[in-house]
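S.K.: So the protein lines, in turn, are chains A and B. Counting from 0, one number per residue, gives the positions in the first sequence under numbering that gives the first Met the number 0. Counting from 0, one number per residue, gives the positions in the second sequence under numbering that gives the first Met the number 0.
Please keep in mind that the hints were generated in silico from the structure rather than gathered at the bench. Don't be surprised by glycine CBs; every beta carbon is placed ideally from N, CA and C. Please note that a few of the clues may not be correct.
Example chain B residues on the side facing chain A (calculated, C-beta under 10 angstroms, incomplete) [stated by the list, open to error]:
(1) 19
(2) 99
(3) 210
Now for the letters of each chain:
2 protein chains.
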Amino acid sequence: MPPRPAIPRPTAARVSLYLRELEVRLDRGQITVRSRELGDSLGFTDAQIRKDLRLLGLSGHPGVGYGIRDLLGRLRRLCGTDHECPVAIVGAGNIGRALLSYGRFETEGFRIAAVFDADEAKVGERLGRSTVRSMSELRDRVQRLGIRIGIVATPPESAQEAAERLVEAGVDGILNFAPRRLELPTGISVTEVDLSMSLVNLSLQIALSRMNRVEQAAPRTKRSPRTRPA
Amino acid sequence: MPPRPAIPRPTAARVSLYLRELEVRLDRGQITVRSRELGDSLGFTDAQIRKDLRLLGLSGHPGVGYGIRDLLGRLRRLCGTDHECPVAIVGAGNIGRALLSYGRFETEGFRIAAVFDADEAKVGERLGRSTVRSMSELRDRVQRLGIRIGIVATPPESAQEAAERLVEAGVDGILNFAPRRLELPTGISVTEVDLSMSLVNLSLQIALSRMNRVEQAAPRTKRSPRTRPA
Chain A
0 MPPRPAIPRP TAARVSLYLR ELEVRLDRGQ ITVRSRELGD SLGFTDAQIR
50 KDLRLLGLSG HPGVGYGIRD LLGRLRRLCG TDHECPVAIV GAGNIGRALL
100 SYGRFETEGF RIAAVFDADE AKVGERLGRS TVRSMSELRD RVQRLGIRIG
150 IVATPPESAQ EAAERLVEAG VDGILNFAPR RLELPTGISV TEVDLSMSLV
200 NLSLQIALSR MNRVEQAAPR TKRSPRTRPA
Chain B
0 MPPRPAIPRP TAARVSLYLR ELEVRLDRGQ ITVRSRELGD SLGFTDAQIR
50 KDLRLLGLSG HPGVGYGIRD LLGRLRRLCG TDHECPVAIV GAGNIGRALL
100 SYGRFETEGF RIAAVFDADE AKVGERLGRS TVRSMSELRD RVQRLGIRIG
150 IVATPPESAQ EAAERLVEAG VDGILNFAPR RLELPTGISV TEVDLSMSLV
200 NLSLQIALSR MNRVEQAAPR TKRSPRTRPA
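With these hints in hand, go ahead and build the complete structure from the sequences.
M.R.: What follows is the structure, given as structure tokens:
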């Protein structure tokens, strides 16, 4: 593998924003995009966008911008989502069911290939295209289906065990919806999804937009608001 | 209101990360925190942390750091979550139900005060401490309960109408779980929650950590990995 600069964490965190914005533009029929357009949509400077994409090994054409389809393909290859990626869910409760009927996973290259639940009453139930399986089948099915990503959608008190079972079965990463911090071996990637944080972000946005309105109403204020609705 | 620098969007986006990290540390019994500790946990430089907090109007004590309780209080006041904030959910399906049983909203200062559904078969059903109400009651209840934030948890085809009903009733912001972009009047804050993006982020993390492992194994590589599991 040729030497390649490590990708700073903030840049990595912006990749999913780029992906979504590019998908929206491609859907609308747009072919190329300039860094300034991406920056305006996402609230970053165009210099930041160019720097991020350069760090990701992507460059645009001066005066034309980036080919959207090309950029999407390269970002997906980087994420490993350019081919179908099977995932397993542990927990067939409300969150698990919501995820099973969530159309966007497939758009992004993921397929929910297996669902497990510790509650034997749920085992055998059909959920969409999946059948809920017993936890005793987890290791074998995860290995046989080549699943490398597990989603923990259990109650908080079962989250740690669910994650450990997935790791023992060989997954490389866990997406954790349970409000409980997981302790897992080094080398296992974990993304915590805290649904309340999006509500905090919205609340802050509202507060800032109210301040900006107050400031805009005051004649001595010259600045333009820099925060705005997403 | 005294003049106050506008808060850049990337700083605003980091506020919820700071909140969560500070809550974890407070839970562990920590009293003060240095910018370097926050930076190490969150993957930013300590200079970035200090700059963000300064932009938010917060300063630490040299050699001591920031008082965690004080910092949390000020960040919550900024977000408007220092007092209980009632929210309404439209959609009593899987996502709505998952949100209703999600303990972390209350920790963050939110209370789900009303739930609405267009399906008359669901109206009257008890969900936790709430009763599902008809859409015809939405405007009146939202106004009477002083609700300023609405959560759209409907199927995609109903999301736009649900959001419009909430806006007509007077909310300032919408948290949208439906995979459909909303068109709303200027001045209404919208946060889109795209559950697939957390899976993309995890997938990228796994890919980067694999690259880092490969690079660490190669003797000529001198850099240390800068991305790591959350």
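S.K.: Which of the numbered hints are not met once you compare them with the structure shown?
M.R.: Of the numbered hints given earlier, the structure breaks none, since each of them holds.
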